[in-house]
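Number of protein chains: 2
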Amino acid sequence: MLNRVRSAVAHLVSSGGGPPPRPKSPDLPTATSAPPAAPPEAPRSPPARAGSARAAPRKIAEARASFSRPTFLQLSPGGLRRADDHAGRAVQSPPDTGRRLPWSTGYAEVINAGKSRHNEDQACCEVVYVEGRRSVSGAPREPSRGQPCWPLQKEVTHESLVVGAIENAFQLMDEQMARERRGHQVEGGCCALVVVYLLGKVYVANAGDSRAIIVRNGEIIPMSQEFTPETERQRLQLLGFLKPELLGGEFTHLEFPRRVQPKELGQRMLYRDQNMTGWAYKKIELEDLRFPLVCGEGKKARVMATIGVTRGLGDHNLRVCSSTLPIKPFLSCFPEVRVYDLTQYEHCPDDVLVLGTDGLWDVTSDCEVAATVDKVLSAYEPNDPSRYTALAQALVLGARGTPRDRGWRLPNNKLGSGDDISVFVIPLGGPGSYS
Amino acid sequence: MLNRVRSAVAHLVSSGGGPPPRPKSPDLPTATSAPPAAPPEAPRSPPARAGSARAAPRKIAEARASFSRPTFLQLSPGGLRRADDHAGRAVQSPPDTGRRLPWSTGYAEVINAGKSRHNEDQACCEVVYVEGRRSVSGAPREPSRGQPCWPLQKEVTHESLVVGAIENAFQLMDEQMARERRGHQVEGGCCALVVVYLLGKVYVANAGDSRAIIVRNGEIIPMSQEFTPETERQRLQLLGFLKPELLGGEFTHLEFPRRVQPKELGQRMLYRDQNMTGWAYKKIELEDLRFPLVCGEGKKARVMATIGVTRGLGDHNLRVCSSTLPIKPFLSCFPEVRVYDLTQYEHCPDDVLVLGTDGLWDVTSDCEVAATVDKVLSAYEPNDPSRYTALAQALVLGARGTPRDRGWRLPNNKLGSGDDISVFVIPLGGPGSYS
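Residue numbers (our numbering), protein chains in the order written: chain A, 670 to 1104; chain B, 670 to 1104.
Honestly, the hints are just simulated from the structure, not real lab data. A portion of the hints provided could be inaccurate.
The list cannot tell twin chains apart, which means a pair is met if one copy fits it or any two copies do.
Claimed, not checked - With a Cα cut of at most 20 Å, we get these calculated SDA-like pairs of lysine to any residue: (1) Lys-823 x Thr-946; (2) Lys-952 x Leu-934; (3) Lys-997 x Met-846; (4) Lys-912 x Asn-944; (5) Lys-823 x Ala-974; (6) Lys-968 x Glu-899; (7) Lys-1083 x Asp-753.
Could you build the full structure based on these sequences and the hints that come with them?
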């Protein structure tokens, strides 16, 4: 996935005849003390990515898409075995002795409590240098505000080109996964959360249930959106309404506050369709007795009684339980991309972008993360580059808990996350920063 | 339209066996000094509505849907003739001597400069009393926050029921217009902007190019959204993508920054599809040479080279120019409904909700309206009930301009609006207010 984004963005900024992008030490980025290249000739983009697979590739596919840990963890064969220990669940971070991640980015991960053999989160982090020509041709020049480049030509900003390149990368990745299942029988799919830094702006692209937030001066700025059957109800219902064949006569695209009973035929009941945000009444007809396309609430909300996440890559073979109906058309591979302009605010060393997989967010609120950011960072000197890794570790540990009473438990005795947990902490104004 | 909304909302609050809703002095509302009824047994809802027709009903239909002016203007036959005078364009307001509109709401309108025989804006305003039973059954009771009424029952708030009733009213109105064209040959369609006040909340529903803003302590709060081919690009493209038969092989659902030339076949060009907010590159294929579904910018943006507004009622017979392709599937009758809770803020007599048709907004910005609000209201005593009509008149006059140099011109010598202009000014904390 990261390769896709890297090549899409690199292709974008180098288009016009410059040499092809040179990934520099793939998956083992250079120290961020490397002199920042002057935009736009040689922008660099250190993208970080956290994602969690929804279903394990079957054994048959392992040769092609085997599980591994991020190279930057520099795990020895012995370390790899310890990292895979479901009983110990040791927190993994890059070693203090090696090269740091760009900007002294912090990272930590932990394996699940036994729900799957491997850690199905897969992180990576990379710096790309592109040596382009002096002016970026191919991509239209940034026009002055409100003034199109040519007559009858729509204004296309650099920002919208980067967003489009990332969107395109997600789509191409999904198509690649569709192609690769032929002959490989790769099952399953995954979510993806990608961060690209380019020319002073941070782009956060999310498809799935990972989450990114900025904690800035104690304030929480959401940098991604949840994609659930509830938040995407109208998109899903519209698809079912316009393409009723996707519902196969088994589901209704209408939503009701509860399951309709056959004895209620002819009675009035509240409903919502794809155009409505409120509820209105309708007379119950035979079709309304079908199972609802979207049902359940909160964590239990499902599309076609099958999936609880509505964006992600892969899953091309996924079917409705005990049915041949495909899920994929409702599961979209397109991310939402949010842009954060780093130059619009004077950041201090305690301002961070936190990326976490669902393992973190299942048991940790945004506010709890912000509190941990404050607590951990204030215990370190502002120029101590290890503080962000310490923070990532604290977040992972806080979500995992400790083994007690036949389970992993948090200090309040509630269950911790038994899922894989991965966390990046990217400092926005810290040591070794971009500026 | 207002009848539809009135009956939908009245039906909602009276459902459960109470007597049917009694419109009180239809189109000539009672003075707002009438004692406010206690919710929810007898809520009252003074809805105001401003909308502008896009095409005049043909003569054959006039018997059924003839143009008229709001009853509350109390126009004599002579006054009606003067109001229809395209040369004079006299500003019309309710007479000082008659009953005031609810809450001392201000109103003013003016006919167009000759583009159509009639004033195609149609305003109305009404107070409805509903005598329901002591508790509203049928509609579920408002549950305590986060706690469903029944197990497995989704929480349905009173607010979402009112929103749903209004959405439903728009849809039913549109269906009624579809039915009525048979046998009547009614052509054309219209936008609609509806305000409903109920139980402490103001509901603003908009489908089209009218606009509502609240000016509160000088601050502008948008209460409606523009629906144009540009703001609705992704909805329109998705419809064209999922139902390609609607494009009839004449249009492409993809967007390009400019028209693609046949000689560019095989070359790379930027594009956006229904899933993208950014731009990416694709190789031009034969299909991409078709005319784009959405094209043009700003005021000149069009769907299928035909309409510039993408929400509204009617227009069921509208076809693409020199083609048989119907426009209607792309033109949605569903409004966006915004809710404003009047109880969350202590309003002063200068806080107002301003509704205007496109004739106002074509030449007046939100900021200019806010400046006029400040200027006019500060010239009147806070308890002078005529100040809101004076404000509505000032807004209409400011958009119309004065006849000079062969046209209606604004003080800056730019052209004023030659369109019909209608403005409601609803005070949120003024004399005769709801509280």
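Against the structure, the hints:
{"no.": "1", "hint": "Lys-823 x Thr-946", "result": "between (33 Å within a copy, 14 Å between copies)"}
{"no.": "2", "hint": "Lys-952 x Leu-934", "result": "within (8 Å within a copy, 53 Å between copies)"}
{"no.": "3", "hint": "Lys-997 x Met-846", "result": "within (13 Å within a copy, 38 Å between copies)"}
{"no.": "4", "hint": "Lys-912 x Asn-944", "result": "both (15 Å within a copy, 17 Å between copies)"}
{"no.": "5", "hint": "Lys-823 x Ala-974", "result": "between (43 Å within a copy, 16 Å between copies)"}
{"no.": "6", "hint": "Lys-968 x Glu-899", "result": "within (10 Å within a copy, 35 Å between copies)"}
{"no.": "7", "hint": "Lys-1083 x Asp-753", "result": "neither (24 Å within a copy, 73 Å between copies)"}
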